[in-house]
Amino acid sequence: MQYPDRKMGKVFIESDNIISSLGFTTEENVCGILQDKPGIRIYNPSQLSPTRVPLSLVETDKLNGIFSEFDDPENFTRFEKLVIASISNALAESNIPVKSKDTLFILSTTKGNIDLLESKKRSLFEEERKYIWNTAALLSNYFGLKNEPLIICNACISGVLAINTARMLLESGTYKHAVVVGADILSRFVISGFQSFQSLSPNPCKPFDKSRDGLSLGEGSSTMVLTTDISILAEGQQISVIAGSGSNDANHISGPSRTGEGLYHAIRKTLEEAELKAEHIDFLSSHGTATDYNDEMEAKAFHWAGLAQVPINSFKGYFGHTMGAAGVMESVLSVESMKRNMLFHSYGYGNHGVTVPLNIISGHREAEMEYIVKTASGFGGCNAALIFKKDKL
Amino acid sequence: MESIENVISGSCSIHEQKVIIDGKVGFEGNIDWSMPEFLKKVYKNFEMKYPKFYKMDPLTKLGFTTAEILLRDKNLNEKYDDADIGIVILNRSSSIDIDKAFQLTIDDNDNYYPSPALFVYTLPNIMAGEICIRHKFKGENTVFIRKEFSAKFIQDYVSLLFQKKKAKVCIAGWVEVNHTQYKSLLMLVENTIFANSYDSGHTFDTNAINKLF
Numbered sequence: 001m002q003y004p005d006r007k008m009g010k011v012f013i014e015s016d017n018i019i020s021s022l023g024f025t026t027e028e029n030v031c032g033i034l035q036d037k038p039g040i041r042i043y044n045p046s047q048l049s050p051t052r053v054p055l056s057l058v059e060t061d062k063l064n065g066i067f068s069e070f071d072d073p074e075n076f077t078r079f080e081k082l083v084i085a086s087i088s089n090a091l092a093e094s095n096i097p098v099k100s101k102d103t104l105f106i107l108s109t110t111k112g113n114i115d116l117l118e119s120k121k122r123s124l125f126e127e128e129r130k131y132i133w134n135t136a137a138l139l140s141n142y143f144g145l146k147n148e149p150l151i152i153c154n155a156c157i158s159g160v161l162a163i164n165t166a167r168m169l170l171e172s173g174t175y176k177h178a179v180v181v182g183a184d185i186l187s188r189f190v191i192s193g194f195q196s197f198q199s200l201s202p203n204p205c206k207p208f209d210k211s212r213d214g215l216s217l218g219e220g221s222s223t224m225v226l227t228t229d230i231s232i233l234a235e236g237q238q239i240s241v242i243a244g245s246g247s248n249d250a251n252h253i254s255g256p257s258r259t260g261e262g263l264y265h266a267i268r269k270t271l272e273e274a275e276l277k278a279e280h281i282d283f284l285s286s287h288g289t290a291t292d293y294n295d296e297m298e299a300k301a302f303h304w305a306g307l308a309q310v311p312i313n314s315f316k317g318y319f320g321h322t323m324g325a326a327g328v329m330e331s332v333l334s335v336e337s338m339k340r341n342m343l344f345h346s347y348g349y350g351n352h353g354v355t356v357p358l359n360i361i362s363g364h365r366e367a368e369m370e371y372i373v374k375t376a377s378g379f380g381g382c383n384a385a386l387i388f389k390k391d392k393l
Numbered sequence: 001m002e003s004i005e006n007v008i009s010g011s012c013s014i015h016e017q018k019v020i021i022d023g024k025v026g027f028e029g030n031i032d033w034s035m036p037e038f039l040k041k042v043y044k045n046f047e048m049k050y051p052k053f054y055k056m057d058p059l060t061k062l063g064f065t066t067a068e069i070l071l072r073d074k075n076l077n078e079k080y081d082d083a084d085i086g087i088v089i090l091n092r093s094s095s096i097d098i099d100k101a102f103q104l105t106i107d108d109n110d111n112y113y114p115s116p117a118l119f120v121y122t123l124p125n126i127m128a129g130e131i132c133i134r135h136k137f138k139g140e141n142t143v144f145i146r147k148e149f150s151a152k153f154i155q156d157y158v159s160l161l162f163q164k165k166k167a168k169v170c171i172a173g174w175v176e177v178n179h180t181q182y183k184s185l186l187m188l189v190e191n192t193i194f195a196n197s198y199d200s201g202h203t204f205d206t207n208a209i210n211k212l213f
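Top to bottom, those sequences are chains A and B. Just so you know, we're using the numbering used here here: the first sequence kicks off at 1 and counts up by one. Just so you know, we're using the numbering used here here: the second sequence kicks off at 1 and counts up by one.
Check the hints yourself; a few may be wrong.
What the hints assert, rightly or not - Cross-link-like lysine-lysine pairs, in silico, PhoX-like; alpha carbons within 25 Å at most: (1) K176(A) - K100(B); (2) K165(B) - K146(A); (3) K164(B) - K120(A); (4) K152(B) - K101(A); (5) K101(A) - K100(B); (6) K49(B) - K390(A).
As the list claims (entries may be wrong) - Stretch by stretch, here's where chain B covers chain A in the computed footprint (C-beta under 8 Å, at least three residues): (7) 117-124; (8) 153-160.
Unchecked claim - Some but not every residue of chain B turned toward chain A, in silico, with C-beta under 10 Å: (9) P58; (10) T60; (11) D107; (12) H135; (13) N141; (14) T142; (15) Q163.
The hints are simulated quantities; they were obtained by calculation from the structure and are not laboratory data. Predicted model only: the values in this text are computed from it and were never measured. Ideal placement from N, C-alpha and C gives every residue a C-beta, glycine not left out.
Sequences and hints are given; from them, build the entire structure.
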């Protein structure tokens, strides 16, 4: 048996889940991707939007059906149901002591129970429920978690930051295990806001493609259970999260940088922390929203970081931009990609549409991977990156 | 975590119509003034000359103003690389006031006018973004939502960022606005190992942080 170096204090992924339009487990989501069945549909005017809009929605009846196995769906909001269902599914496969003081809970979300501000829903739940701290406390209590939850509300990089924050707190020995969950729902609030920015495409999004014309919004939740306790992990192949960093463009609050400098710094610092060079990276899961400026900015940053030749994809073509869930969901999928030795197609990409040459993945294909990078960028000029490693116990 | 290596080399807190700089009252307004009215007076008193201030929502204005006063004459960009200057802000109510204001513009189909100028402020990390733009800070920045102010969490987390070399200096604290209630405290925290010079300050520990809050 071979032991990796610096085994002690290393942070491993113990269990995970994804709930999106593609399904209610990680496996269902991976199947959707492998079968090239995106979950983005065009919806006619409804309570969610007065105009026709492509969205990636979680199936409500199925969510309530699954949820009723745990509790009464009437007593919980859509956001809470997504989080509880995702954590429950991840914990069903997990051996961490959830109710121990050694276990940290981190919630990544941009808007929490934002739909409770709607005039029609305002009186359905108590006023406090509109506050994310209150929602997090409710979720934490639901699972009997002992520590005060950490809540990261940092726009679209929240999920990547949440995993990195958990990693740092576990590596330092402050906690031994962490339940990291990212979630956001689609609401009138979020859809109208992105519409007001004119950043939504009238069609399902096409990251890095020449004809891309905006993003598609999605909803969902995703959980990653992390641990430093190797005694609860099986011998053999395990995935660890080994480095991560954030940065700010210091350029514009609602537009990506034109140079990619901020994202470059996040990637550079992450590579430095992992003591790796760009040529060690076998796959890069980009943010890839399919807006003109975002994809162009990322392309420049990847080029600058020496990653232009690395196989790159964006998962947004399958389930859109899931905001506070995106960083966790796309990390879980990237890790699946590595576990299966299978690079996943960048759905919606056909003709190269950014000014820098990049190696965008076209079609699923087999590949050995040892180190992979996940990046995210968001409003407020924020960027973040993570590195996962295929490890052995 | 060796807290002795980290010092608070400056602080600014704004609440109850007072600006407290390094523990002393630096400006005081009339208690009858509304918070936006008071912040406008603060902006003028400290000669901030940053017209974009007027476009910001109250939460961002509060965070921005607190940082602006904290960072006067600090010249962080001369002492540190832009990418090593971090921001950690805690807050209780996220961007609830502007969320409610935006919701009113979209609630019914006959009166549907979503405004990008409002929507952009419906995330609490926008205030960190505005501070970064103003001061050219390009380091790590994270906004945590938390039920209550926690000196211990701030101390532990900033110390961890230093220990992990994620930042060499950090603007850290609390910025909260909920209706008429507001309070901010931002501290400049330097690591004496990284800093080639730093103003004599308080040891960055929970006692000192709580005293400033």
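Against the structure, the hints come out as follows:
| no. | hint | verdict |
| --- | --- | --- |
| 1 | K176(A) - K100(B) | 39 Å, violated |
| 2 | K165(B) - K146(A) | 29 Å, violated |
| 3 | K164(B) - K120(A) | 47 Å, violated |
| 4 | K152(B) - K101(A) | 17 Å, holds |
| 5 | K101(A) - K100(B) | 36 Å, violated |
| 6 | K49(B) - K390(A) | 52 Å, violated |
| 7 | 117-124 | holds (count 3) |
| 8 | 153-160 | holds (count 3) |
| 9 | P58 | 16 Å, violated |
| 10 | T60 | 9 Å, holds |
| 11 | D107 | 5 Å, holds |
| 12 | H135 | 8 Å, holds |
| 13 | N141 | 5 Å, holds |
| 14 | T142 | 6 Å, holds |
| 15 | Q163 | 7 Å, holds |
Hint check: violations occur at hints 1, 2, 3, 5, 6 and 9; the rest are consistent with the structure.
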